[in-house]
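Student: For the record, the sequence lines run as chains A and B. The opening position of the first sequence corresponds to residue -2 in our numbering, with each subsequent residue numbered one higher. The opening position of the second sequence corresponds to residue -2 in our numbering, with each subsequent residue numbered one higher.
Be aware that one or more of the hints could be misleading.
For identical chains, the list gives no copy identity; a pair is met inside one copy or between any two copies.
Unchecked claim - Straight-line C-alpha distance at most 27 Å; calculated DSSO-like pairs for lysine-lysine:
| id | residue 1 | residue 2 |
| --- | --- | --- |
| 1 | 14 | 72 |
| 2 | 287 | 233 |
| 3 | 164 | 233 |
| 4 | 249 | 233 |
Honestly, the hints are just simulated from the structure, not real lab data. Model, not experiment: these values are computed from the prediction.
2 protein chains.
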Amino acid sequence: MLPFDILEYQKRLKETKKRMADKGIEVLLVTDPANMNYLSGYDAWSFYVHQMLIIIDEEPQPIWIGRYLDANGAKETTWIYEENVIPYPDYYVQSTTLHPMDFIGDILTEIGHGNRSIGVEMDNYYFSAKAYERLKTKLPNATFKDGDLLVNYVRLIKSDQEIEYMKRAAKIAEQAMYKGIESIQAGNRECDTAAQIYYHMLSGTEEYGGDYPAIVPLLPSGERTSIPHLTWTDRKFQEGDAVIIELAGCYKRYHVPIARTVTIGNPSDRLQQITPIVVDGINEVLHQTKPGMTCGEVERIWRESIKKRGYEKEARLGYSIGLNYPPDWGEHTASLRKDDDTVLKPNMTFHFIPALWFDNYGIEISESFRITENGCETFTNYPRDLIIQPPFRMNKQGGKIS
Amino acid sequence: MLPFDILEYQKRLKETKKRMADKGIEVLLVTDPANMNYLSGYDAWSFYVHQMLIIIDEEPQPIWIGRYLDANGAKETTWIYEENVIPYPDYYVQSTTLHPMDFIGDILTEIGHGNRSIGVEMDNYYFSAKAYERLKTKLPNATFKDGDLLVNYVRLIKSDQEIEYMKRAAKIAEQAMYKGIESIQAGNRECDTAAQIYYHMLSGTEEYGGDYPAIVPLLPSGERTSIPHLTWTDRKFQEGDAVIIELAGCYKRYHVPIARTVTIGNPSDRLQQITPIVVDGINEVLHQTKPGMTCGEVERIWRESIKKRGYEKEARLGYSIGLNYPPDWGEHTASLRKDDDTVLKPNMTFHFIPALWFDNYGIEISESFRITENGCETFTNYPRDLIIQPPFRMNKQGGKIS
Chain A
-2 MLPFDILEYQ KRLKETKKRM ADKGIEVLLV TDPANMNYLS GYDAWSFYVH
48 QMLIIIDEEP QPIWIGRYLD ANGAKETTWI YEENVIPYPD YYVQSTTLHP
98 MDFIGDILTE IGHGNRSIGV EMDNYYFSAK AYERLKTKLP NATFKDGDLL
148 VNYVRLIKSD QEIEYMKRAA KIAEQAMYKG IESIQAGNRE CDTAAQIYYH
198 MLSGTEEYGG DYPAIVPLLP SGERTSIPHL TWTDRKFQEG DAVIIELAGC
248 YKRYHVPIAR TVTIGNPSDR LQQITPIVVD GINEVLHQTK PGMTCGEVER
298 IWRESIKKRG YEKEARLGYS IGLNYPPDWG EHTASLRKDD DTVLKPNMTF
348 HFIPALWFDN YGIEISESFR ITENGCETFT NYPRDLIIQP PFRMNKQGGK
398 IS
Chain B
-2 MLPFDILEYQ KRLKETKKRM ADKGIEVLLV TDPANMNYLS GYDAWSFYVH
48 QMLIIIDEEP QPIWIGRYLD ANGAKETTWI YEENVIPYPD YYVQSTTLHP
98 MDFIGDILTE IGHGNRSIGV EMDNYYFSAK AYERLKTKLP NATFKDGDLL
148 VNYVRLIKSD QEIEYMKRAA KIAEQAMYKG IESIQAGNRE CDTAAQIYYH
198 MLSGTEEYGG DYPAIVPLLP SGERTSIPHL TWTDRKFQEG DAVIIELAGC
248 YKRYHVPIAR TVTIGNPSDR LQQITPIVVD GINEVLHQTK PGMTCGEVER
298 IWRESIKKRG YEKEARLGYS IGLNYPPDWG EHTASLRKDD DTVLKPNMTF
348 HFIPALWFDN YGIEISESFR ITENGCETFT NYPRDLIIQP PFRMNKQGGK
398 IS
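Start from the sequences and build out the full structure, keeping to the hints where you can.
Tutor: See below:
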């Protein structure tokens, strides 16, 4: 039932311990749900309560600690022995007096690790300020170290099995994009397009279904295309609208995002003008990107490409992708941005989204790609262009012509 | 465009400031996306980067601080004046050296509030341990106080407009549940049911569409019904399966959850035995619950009801619901559990989910309800029973009979 061979989990754990040793961390508390899944297989929507894996340098298995009613899920979805699954009672959940970290601190003391060098994921959504404070109070003799992103960096280079899952996610992404765009017609509502996209993201293909993405489809239309992170509304599309769709296909929690910009009817002059600049820039980047370059060098190709045509962009161009949970499908490690010195290696995977936003419009055309042995290749195969919808024009009598 | 009148936002802000004063908090940093929305209207999927509202005791408006490319969203979706929207540059995003809290600390100093009593949402997903550490370093003369759940408690009693939105969410929930259950047939996959549910959650009704729920539909089947927080897989339903669906309809970020248990064909003896116990317990609670009682007293009605029949349940029975964002639709305030002394008042709203889980099966039948002037009423109107699917039996010749 595990999505990966146990040997693959053990390899990941070994690499994690190596990095722990490099940082002087003896015990690592893993609270990021993606990192928990990566090391153990654990997969459930239980991350809204405090939970973690404890990785101890000399122990062969992680310890899972979470809410008691999630313990069966840990037994079901991980390679962890039952005796390493430690549930805390329900009265710790969202209590005004008790905190799960009190319980966890006591366990750490009890098993003899309360006074060691303990790494915590300092900037993770699922390790709150209070969690840290309570843990420090419980474990006055521990030395706390910042273990943030330690496991995320292990995730940076994907295995062949992970790439295979991402290829499946890509097929799902293509299909969801196709069906979403098909529903973008004057008079239809944004929410109906979101519904179409979700339907196809989850039903997937006949061979495999889809998983929920860590970010919902982003779907601004009209002037709201200047605002990248808006979700859908009940707004009806109008003739002449531009619409941006950013979505990810997801398979076994592995994501492949893609973004496209669509117009209903003829695109505005400004979109017609900017599109080839964006597409040429993307093509240049995809043509030149290869192992050995840094992320910063990838950004420079793009920057110089659009600069020739008179444009600039401040935001980063992309980021490492893969296994994830809400609220983000980005891995928070390598970014395609100026000054990121990460050296590209085969099987690193990125969402390259060199979007441009202006005061009352924007354009997003993106590609997710994998670094190969001597270049890079995109995961999805979707027309890399502004997409005009519906895909036919009317003749003067109002009849469809192709 | 705002979902509520500006006067309603101002009333919420006033109540927030009153509670700040009670706690000796002069400046409150609001990082919970639901609290940000509640006070300002802000609505975008941007909470995966650090952002906040700053509420200052003597200032008439919140200040929004977030990533620069989300600033247009703050201008579009809130009642905040443009000069109170302060963007931070993109190089603060997921940087290995800079942190958005450095920027925010500097702003607080610059506007003269760096040395005041500052409340922070200590146990919120979106206020990490590192955020707190960096803020403390930047503002050595501030006094930090725990402002966790301060705004959540303001949210506890809903306005009539909020209740109206929840009634719309309830209609969407009913429809999604109906369509989801309809798709539960031997040979269909869990992911196809999830796809159906999502389609109808988002397309909503002709009058209004649906929003994304803060938790995805939970959909364990077969023996996995003993594990409440599992999401769907590619597993094909089989004759004799039990399936649990827990979902929420969502409208303008307001949630109404509902759970039902379904069997394909005749239910097992154990499900047939436990169902009337659960349903009777729910009916007793709904019949007796009224303003003036405490949450703990509601729990006792249930506990005594099932105890008569020989059952016990450890987990809490439910929690306050309303406006929310991933990863939780619960408000983290009042819980229907032993020792919760919250006194029920009209327009408090709860998800009452007295589920029972055993070693290899479980049952979930839930209702979301509102406290009325003299009792309570459910939001959804859905058969409160174990649901047998398909909704007909075969005669001996294999033909359908109703």
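Student: State for each hint whether it applies.
Tutor: Against the structure, the hints come out as follows:
no.: 1; hint: 14 - 72; verdict: within (23 Å within a copy, 46 Å between copies)
no.: 2; hint: 287 - 233; verdict: neither (43 Å within a copy, 42 Å between copies)
no.: 3; hint: 164 - 233; verdict: between (34 Å within a copy, 23 Å between copies)
no.: 4; hint: 249 - 233; verdict: between (34 Å within a copy, 16 Å between copies)
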